[in-house]
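Chemist: Take a look at the letters that make up each chain.
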Amino acid sequence: MGTPELILAHTDERDLAQLDEYRAIGGYRSLARARELEPAALIQAITDATLRGRGGAGFPMGRKASLIDQKNPRKYVVVNADESEPGAFKDREIMGRNPHLLIEGCLITARAIEAHAVFIYIRGEYLTEYEILDRAVEDARAADLFGDVDVVVHRGAGAYICGEESALLESLEGKRGQPRPRPPFPPVTGLYAKPTQINNVQTIATVPKILELGVEEFAKIGVPSSPGTAVFSLSGNVARPGNYELPLGTPLRSLIYDVGGGIPDGRAIKGIIPGGSSVPILTPDQLDTPLDYDSIQAAGSFFGSAAVIVVDDRCCMVQLALRAAKFYMHESCGKCTPCREGTRWLVQLLTRIEEGDAVDADLELLESVCSRMLGRSLCALGDFAVYPVSSYLRKFRGEFQQHVDEGACPYGAESSIAGIEAPIDAHMHHPTVEVPG
Amino acid sequence: MSTFYDEVQALKARYPDWLSATMPALRLAQEKHGYLSPDALRECANALGTTPAFCESVATFYDMLHLQPVGRHMVEVCTNLPCALAGAQRVVEAFEEQLGLRAGETTGDGEITFRTVECLGGCGRATVVAVDERYHEFVTPEKVPEIVGAVRGNA
Ligand SMILES: Cc1cc2nc3c(=O)[nH]c(=O)nc-3n(C[C@H](O)[C@H](O)[C@H](O)COP(=O)(O)O)c2cc1C
Ligand code: FES
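Those protein sequence lines, which keep their order, are chains A and B.
Counted from 1, the first sequence has number 418 at position 419 by numbering that gives the first Met the number 0; the numbering is strictly sequential.
Counted from 1, the second sequence has number 28 at position 29 by numbering that gives the first Met the number 0; the numbering is strictly sequential.
Each hint should be verified, as a subset may be incorrect.
[Unchecked claim] Part of the chain A face toward chain B, derived, beta carbon under 10 Å:
| no. | residue |
| --- | --- |
| 1 | A8 |
| 2 | G86 |
| 3 | A87 |
| 4 | R91 |
| 5 | L171 |
| 6 | G173 |
| 7 | S234 |
| 8 | G241 |
| 9 | D264 |
| 10 | G265 |
| 11 | D359 |
| 12 | P422 |
[Stated by the list, open to error] With a straight-line Cα cutoff of 25 Å, these simulated DSS-like cross-link-like pairs (lysine-lysine) come out:
| no. | chain 1 | residue 1 | chain 2 | residue 2 |
| --- | --- | --- | --- | --- |
| 13 | A | K193 | A | K174 |
| 14 | A | K193 | A | K394 |
| 15 | A | K70 | A | K174 |
| 16 | A | K193 | A | K70 |
| 17 | A | K174 | B | K11 |
| 18 | B | K11 | A | K193 |
| 19 | B | K11 | B | K31 |
| 20 | A | K174 | B | K31 |
Quick caveat, the hints were computed from the structure, so don't treat them as lab data.
Model, not experiment: these values are computed from the prediction.
Backbone N, C-alpha and C fix where the C-beta goes; we use that ideal spot for every residue, glycine too.
Use the sequences and the hints to build the structure in full.
Modeler: Right, dumping it as structure tokens:
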């Protein structure tokens, strides 16, 4: 796209899943360079590059690494490849098309914190990408690239909550994936209670590029507060959905219109969810927001997982909120009360509103449930359940009110997502199976 | 029997703590038994060196592990927001009609379990359908008979 691609560079011309192809474009040279540097110098480079986490919270990777007790003989690197945020599909593309870049990043990170074991936790549904990644790991191992580090690819088994880092560690330890109370945070007490550096796929995959370009050149890409690129997953009502790697700070408008081809079928844009279904929605007047952590936050939302979902004017916002709320209710692990009870309240109230059975007080009750959930859960899932609901309610209040006043959904079956079923609805059905064999 | 036991021992050896082998061992047991029946859970627990109750408590947490019998093939349609906006519900209905069941059910011959699932990470190529964990993308109602035919052909 004429933009500086880092993570997905050359993936169109070459099959970089092949070790020799990856080497032909200079692959594993950053690792060789890293092995000539002291671990502390590596952490310094990552810190100076202001590499912020691409998995959701945008926390600087270097600061995490500096919290690790270097003297502890047992430390771990864990890669968060659980990617389950609705709208996000970038890590899948990175692992499927450039697995060695991720592996190289893992090995450099292991050297930086002086760890000897790396675990890549990949969501269970990504079978094809697991096979590609696992083969790449074996090829790199056979080529003696691992040194004194071991890399294990661990498959999840279907649970959104396992993307939350402390739940991921529980799951990786072989337990139910329920979040841990924090502090202590993973750099202090992580996997098997040892210091652990845990980062998103794209964060780790960016590390070799920092060494390849050098900190100064890397910092010229993007914006000073968030240098580098991000792979934006564009989906929803847009002409050309897909993954696009762009410098941080690219305006939302140019992603949707220049790159994504705009809104098809002559429809108008109604809302834009800029970071995956868990973040507050933006409205068309905010299309000039630059896509970087600080700018999106100033606009009232979050960068999240760079998953941009476009919603056109055919969609009923109550239906959209209800579908999102059902997802978070389905994925709530049940460990803490505000999230377990609150997600049920959200679904029940939104169902009542959508079905035309709500009174004015129900809208206030919905607001009140949101504000009483916010910031009160053990992990951010409780907040993630609130953000879509509270932001659609705030920005499309008239539409919610219309449901109450008219005693029916103004869109009804005409809404683009009318009747959409969620897995949680099917929990009531009973399988009619004859046991095979 | 002994091969399953040996495979689980190899899984345990991959991790600093054997407990981490629980999930891969459960997956292996499910592949062998079709679903995590009481027998499968007992065999898994025995190979891991833990109790069936522990294995069951872990298994109930994860959507891909089945504690009830399921069909020999699994067809899953994503109905999360991006797929929904692309018309996933019409794909769901096409499968329901073609298979003669509702989402969450299994065909009477025990061949196909059909269900809706949450985001599969293919939102830019909606609607996404997973057939035995392999993705079909850009699925429209028109493509459903062909997908069902291919699954049945594989039976
Ligand atoms: C409910 C929930 C789900 C999450 N899912 C993911 C995920 O799928 N992938 C991911 O990288 N981070 C996810 N996160 C964020 C992680 O907790 C953590 O911040 C991240 O792995 C840190 O890596 P980073 O600093 O490189 O972004 C999730 C957080 C929450 C609360
Ligand atoms: S919403 Fe269907 S794959 Fe993401």
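Chemist: Evaluate each hint against the coordinates.
Modeler: Going through the hints against the structure:
no., hint, in the structure
1, A8, "19 Å, violated"
2, G86, "5 Å, holds"
3, A87, "7 Å, holds"
4, R91, "5 Å, holds"
5, L171, "6 Å, holds"
6, G173, "3 Å, holds"
7, S234, "4 Å, holds"
8, G241, "4 Å, holds"
9, D264, "12 Å, violated"
10, G265, "16 Å, violated"
11, D359, "28 Å, violated"
12, P422, "5 Å, holds"
13, K193/A <-> K174/A, "17 Å, holds"
14, K193/A <-> K394/A, "44 Å, violated"
15, K70/A <-> K174/A, "28 Å, violated"
16, K193/A <-> K70/A, "12 Å, holds"
17, K174/A <-> K11/B, "14 Å, holds"
18, K11/B <-> K193/A, "19 Å, holds"
19, K11/B <-> K31/B, "18 Å, holds"
20, K174/A <-> K31/B, "22 Å, holds"
Figure legend: structure checked against the earlier numbered hints; hints not met, in rising order: 1, 9, 10, 11, 14 and 15.
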